[in-house]
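Working from the sequences, and respecting the hints, build out all of it.
Here the protein sequences come in this chain order: L and Z.
When the letters of the first sequence are read in order and numbered with this note's numbering, they come out as residues 1 to 433.
When the letters of the second sequence are read in order and numbered with this note's numbering, they come out as residues 1 to 449.
Hints in this document: simulated from the structure, not taken from any laboratory.
Be aware that one or more of the hints could be misleading.
[To be verified] Stretch-level coverage of chain L by chain Z, calculated; a stretch enters the list once three of its residues show a Cβ under 8 Å from a Cβ in chain Z:
{"no.": "1", "region": "33-41"}
{"no.": "2", "region": "122-130"}
{"no.": "3", "region": "284-293"}
{"no.": "4", "region": "314-321"}
{"no.": "5", "region": "385-396"}
Using N, Cα and C, we set each Cβ at its ideal position, and we do this for glycine too.
Chain residues, written in single-letter form:
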Amino acid sequence: MDARAKSFDRLLGDMGPVWRSTRRHRAFALLVLEVGVNFVVIANLLILGRWFASRAQFSTGHRERDLVEVRVRRPSVAAEPGGDRGIPAGSSSHAAEEAALRVLAGVVAVAPVSSMQSDDDWAIPDVFWAEREGAPARREPAIDRVASPCSDVERTPEGRVLGWAVEAGAALPAIADLRFIEGRAVAPGAAGVVVSRCLAQALFGAAPAVGRVLHMPRRPAAPIAGVIEDVRMRSPLLYQTQVTALYGGDADDGRSVRYLVRTAPGAAPPVARAARSALAALVPAGGLVDARVFVPTGPRLAQDAEGTVKVFVAVGGCLGLAALFGNGTVAAFSVAARRRGLAIRRALGATRGDIFRQLWIEAMIPTVMGCALGLGLTALLLTQSRALFPGLHLELFDAAATALALWSTAVPTRIIPALRSVRLTPAEAGRTL
Amino acid sequence: MTLTETARLLPYHLRLAAISLRRNPAMTLLMFVSLALGAGVWSVTVTQYTRFNGSAESLSPTLHHVELIRRSELSAAIDAQQAGRLRVAPLAVELRALASPDEVRRFVTDEVPARHAISMRGEVVLEAPPPGGGGSPAIRMARFANADFFRLFAREFAAGGSWTAAEDEGRGAERGAGVVVLGKALGETLFPAGNGAVGQVVLVDGRPHRVVGVLARHQPLNAPWQLLMNGGLQDALFLPLGELDRSGALPYQPIGLAAADRDRAEPLRSQLFVSHWVDLPDASQRAAYARYLDRVFGPGRAVLRALPEWRRSFALPVSSIGFFNFIGAVVLLGGAFGLGRWLLTKGILRAAELGVLRALGAPRSALLWRILAEAALISVPAALSAPLVAAPLVWFFNQHIRVVDIPLETTAWSLACSIAAPLLVNLAGAVYPAGRLARTPPIYLGDVT
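Below is the structure:
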């Protein structure tokens, strides 16, 4: 029998007495419970931290470099002498502004859009549905046919899908580098709509979407001309923010308009500055021009998600210290309480290694049991919390990292005072703390 | 041992407990810090929870909301999604509160004299003098409201007051003499350190407005006139209601229920979210107003709800805030288990001393109270320090999470919960070790000597 096998046998031999000794300890159940609830807290911080981090580091689905977002806010008509009340149509201003942007050095293309990432506020979604052309209206089956990548799509049993409608100029697909996976862009002047992959999938499953008719309350029914890979144009009040329908037409609401500007490589900062100057001359006093280089992590939603992760780290740090201090002080008393017993074992011939192994296993048993309990509770909690945080899931990393964190606060705090105590002589060790 | 005797011996138990804690000051300090950190984390979650679910300002229960029943594809889709989904819940509320300015005008009648709080959101470009304004214009969230809005919703003023009812029409702005009330946050930004905001002139959409008042408090997160629990911006400034229509200011987020004609303002304005509340102090007034609504809008189309009933009917589902609060409670539970284990281990180590106390005539209850007193001596300061530990975390939270621009603030209710819950949970955690150690048998004194 080699040395490794002997060592393993010895370990197994130790397990029985150690287990009996551990089980007899009155604080054992409390320790298991403590480790269990700490596991729940730390694991949930990790899982939620990962979830929020994914919100902070989202992909917009379009080419994010060399892009400038411009927002123009015109003053109210009544603010000008002789102006009428109400909201005017603004196409003439819009044309002048667009022309002023096109001639700037470094600008490749310009498209007016009705919304963009830097509209830094929640937005109200639209509702979409589809019916077969010529067929009477019917209820869609209540089976959710959405595949996993589109799992956050908010779809009613009646087949209504909450999403986001964007009015945009014809140049948008080229500017944003939208990738068509079916059909093509709407021809200039033609009626039609381009939908994102998740919207098409939510409405038609695996069936072709091009040629089908898309309905929504605010606009006339429109035939689907193409399907693009998902794109995020804003943060509407939805979990799945990439269910998008792009309509051609006027993106100007009369008082405000936004432009997406594609620039030559590296030219975005000077274009943003030049756009501010050029448009400021066109917008009367009381209006506002904002032009900024597109930053995917710029919107408040992304910054809040990142901030939440930072708060989790701060809270996790506090809890780590709390666990370390709590475990350390309990372990100090716990080992002191057993000094006499350890000293007797030493006097009867046990080596320091034997003592160390005994304490190691004793510390590991409640930690492992507590982790198992915590893992079960976390899995149970996950079934509930998934309704609040769609897509939330437990990964092996979360469980392993949590167990490691608990181990690093529980086991060393017990072993270190134990190692100090086994250095004592039997006579010295008999003294209580 | 009777309760009177226990109370009489309490100072004695406390003295023994204090001696026990002083024997290992470093260990006691570590346990205190451990409990205080856990309680601090709980305090942050409970502060957030009370902001989310609590009613920051007590409002009159005689305030009534009018809901016009209006079916639409969007409301049906939202309703289908609403169960358990906080994110769409405020939107559902807004859809149910949808009323056009024309409809709102019909809500007000001389037949039933009552005070109404009517308001609507809009975006304006604000330009203010330096230092806060710095001269650069910025888009701000404005609430167009009538003067009674401030009185009915008990909005307190740090300086000045609201405009008069005569100014509700907003004609002053046309003459270059508009009036504006600043919210607390904007008032502090534009005129820091109480720099005499009242009387100053700011430009709203390019037109001069005189500041007549600055609010004393931030907007509640769940204000009946605007639910912000999903995030968003509080009302930065307030303008007379009539000004929205007169100035052509940009209304905030029209809700698209039907195709709008872009050449005309009316279709857009018919889809606005108008917050309308009416104060009906007695039952006869309420009945008369309900009859009026039935006559004007058709039987059963307008639903009248008092504020408490409105809060129940428009109740929000369980939120992520509630989940974080639950995690905070689990943290407290972990602390209680830790304290229990600490007391039990210490008691086992000192079993001989407890045995001597028993041998000298101390009943079991005396040991029980002594252990509980020890737990109280460490739990009370730990619980009291929870708000102090939470303060830097709350500051950190406000620096990094701005899903709403309303800062997280400690309230009396959150302070009470921050202290009471850790104290009770820790004392509950001490009951088991106290009970176990109280059963320590008397010891033969020869064993000790």
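Each hint, compared with the structure:
Coverage of the region 33-41 of chain L by chain Z holds [criterion: at least 3 residues with CB-CB distance below 8 Å; count 6]. Coverage of the region 122-130 of chain L by chain Z holds [criterion: at least 3 residues with CB-CB distance below 8 Å; count 7]. Closer than 8 Å: that is the beta-carbon criterion, and the region 284-293 of chain L has 5 residues meeting it against chain Z, so the requirement of 3 holds. For the region 314-321 of chain L, the proposed coverage by chain Z is satisfied: 5 residues have a C-beta within less than 8 Å of a C-beta in that chain, meeting the threshold of three.
Beta-carbon proximity to chain Z at under 8 Å applies to 4 residues in the region 385-396 of chain L; the threshold of 3 is reached and the given coverage holds.
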